[in-house]
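Top line first, the protein sequences correspond to chains A and B. Going by the working numbering, the first residue of the first sequence is number 247, and it counts up by one from there. Going by the working numbering, the first residue of the second sequence is number 247, and it counts up by one from there.
Among the hints, erroneous ones may be present.
Pairs involving identical chains hold if they fit within one copy or between any two copies, as the list cannot separate such chains.
What the hints assert, rightly or not - Straight-line C-alpha distance at most 20 Å; calculated SDA-like pairs for lysine to any residue:
1) Lys330 - Arg463
2) Lys328 - Gln497
3) Lys393 - Val376
4) Lys292 - Val263
FYI, nobody ran anything at the bench for these hints, they're computed from the structure. Quick caveat, the model's predicted, so the values are computed rather than measured.
There are 2 protein chains.
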Amino acid sequence: VQRSLQAMDSCDLALLVCAGGWDGHEKRLLQQLLDRQLPTIVVFNKSDCCPVDPQKRRQLQKQGLNVVETNALNRRGIDQLKEKIRQLAPPSSLIHPTIVGDLIQPGQLVVLVTPIDLEAPTGRLILPQVQTIRDVLDNDALCLMVKERELRLALDQLRHPPALVVTDSQAFLKVAADVPEQVAMTSFSILFARLKGDLCTFVRGARTIDQLRPGSRVLVAEACSHHVVGDDIGRVKIPRWLRQYVGGPLQFSHVQGQDFPEDLSGFDLVIHCGACTINRRQMHSRIARCQRAGVPITNYGLTIAYSLGIFERALQPFPDALAAYRQS
Amino acid sequence: VQRSLQAMDSCDLALLVCAGGWDGHEKRLLQQLLDRQLPTIVVFNKSDCCPVDPQKRRQLQKQGLNVVETNALNRRGIDQLKEKIRQLAPPSSLIHPTIVGDLIQPGQLVVLVTPIDLEAPTGRLILPQVQTIRDVLDNDALCLMVKERELRLALDQLRHPPALVVTDSQAFLKVAADVPEQVAMTSFSILFARLKGDLCTFVRGARTIDQLRPGSRVLVAEACSHHVVGDDIGRVKIPRWLRQYVGGPLQFSHVQGQDFPEDLSGFDLVIHCGACTINRRQMHSRIARCQRAGVPITNYGLTIAYSLGIFERALQPFPDALAAYRQS
């Protein structure tokens, strides 16, 4: 049941599947779905052997719910169910928002700086890099991949400066130094803050770093469950940069995967990863939970840019976020 | 049992796990492993409740087999087992051969041409592209990704010609036309022929395309089980190019995933995909099976290059393969 409730936070649409009967369990689940204002379809499956009480059906329909009877064995009603899903799915769930498409023109060149550290899977790339490359290509642009050490060499090979440089946040300082001032520069993590979360909210969250004092409580939340190795960014690097910025010890808590706490009271700041492995709805549920608890939330890339003193430069491609920064 | 036998073709090392007992089933499996000359460790698990007959143990050890007793529940013997695995794993299984590292120098630029077709997963890249990018970065080189339509534009942006252009085989003709003659050019599929299979064997296999006659039987084998959509390369494009080259109809058979046939007699040619989802050992088992049956084997990229008439150009980065071509 706990897992079902967690899953609701990442759903765009719910199918409440039952077999004829309708008792306390179904009632409670339905209430949870209605509380979350999730479009819901009640599916009475096994319609051959467990017929639905017509009165129950009418009652649910009166509540404004969509009811479909199916028989998964002989596929009766399945097409009707598919059609209902198509009708009820929120349009936002069918649109793939762009990562960099609104920041570049077709034919322009984007440089992606991708340090290869211990956490990168052997022989592969991490997900935000792959997704960003694909987004550049889908927008008819060109994508130059380099490690941070080869960045200057790469820029020297180009006839014209690139339209945009995106770096892994860990290489922010070196990249900011190597990229000419007039070239737009940001990080994968900031692009994902915008894609999965809400950049202006995260910018305001990062601003509260100035209010941290020695002893403040910071929650570092990571959406995936990668093995922590070496100089882990969430466990080692961000805590180190923040302690340096604040000038004293802080109390860090760490969560991974689905373990985002119900109770956020007592935290002074939540710092979330880029959220490449969870969806936009789930990230927004987490943001909403922080807002209800009155706890500011920001993300890895913004925290790093802030504590390294290159916040404005990293936000320069995003006028709205820059305005939110200046107003806060 | 069929699946266990298939799995043996892709193993570098076998653990034959049993619980005290040793009967006909274990004997038969062991014989299959010995036939394949696979380093094998016999693991007697559940050592708490199913003790091993000491005589059986000595007998296996006399056969030169490594025997370890473990108890997975309390982890007794697990460290000893790990150490045995480390000792017995063939060195080749621990080395990751390079995809392009021997073709380029640090600091050089490689262009990867990646058409985005229906078969590319939404928002992602296909595996050979990801692995090649990573290999370029691991070799301290720069990697420029473009779709085939933007290739000329991309080359115009560079101060110097790239060291190497790698294309998806489907865009071979357009890429060959857009890349200057003096720039080395090949395809992902040919790079993977070399990485996973044996490039010279595949080159000799491609040569036998000239011996195909209308009515010849061709097996198209794909290692993964991707959904076939639209103008599928193995189902539609390669058959079309080959028919055009041969000048008449051919009899095509298709297999996917693990379904590489035991009996290859009757085929005039086997055309294998790039094998990005299976390992080198498994690909070599398939090559060996073709050789035992006297059936030539080649791969997608080589077949396409051959039937499009750009075979020598696509092999130019590989002197050994070019020599094999000229000798055959």
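Hint check:
1. Lys330 - Arg463: neither (46 Å within a copy, 46 Å between copies)
2. Lys328 - Gln497: neither (49 Å within a copy, 38 Å between copies)
3. Lys393 - Val376: Both: 15 Å inside a chain and 15 Å across chains, each within 20 Å.
4. Lys292 - Val263: For Lys292 and Val263, only the intra-copy Cα distance (10 Å) is at most 20 Å; the inter-copy one is 42 Å.
Violation of the numbered hints given earlier is confined to hints 1, 2; the remaining hints are satisfied by the structure.
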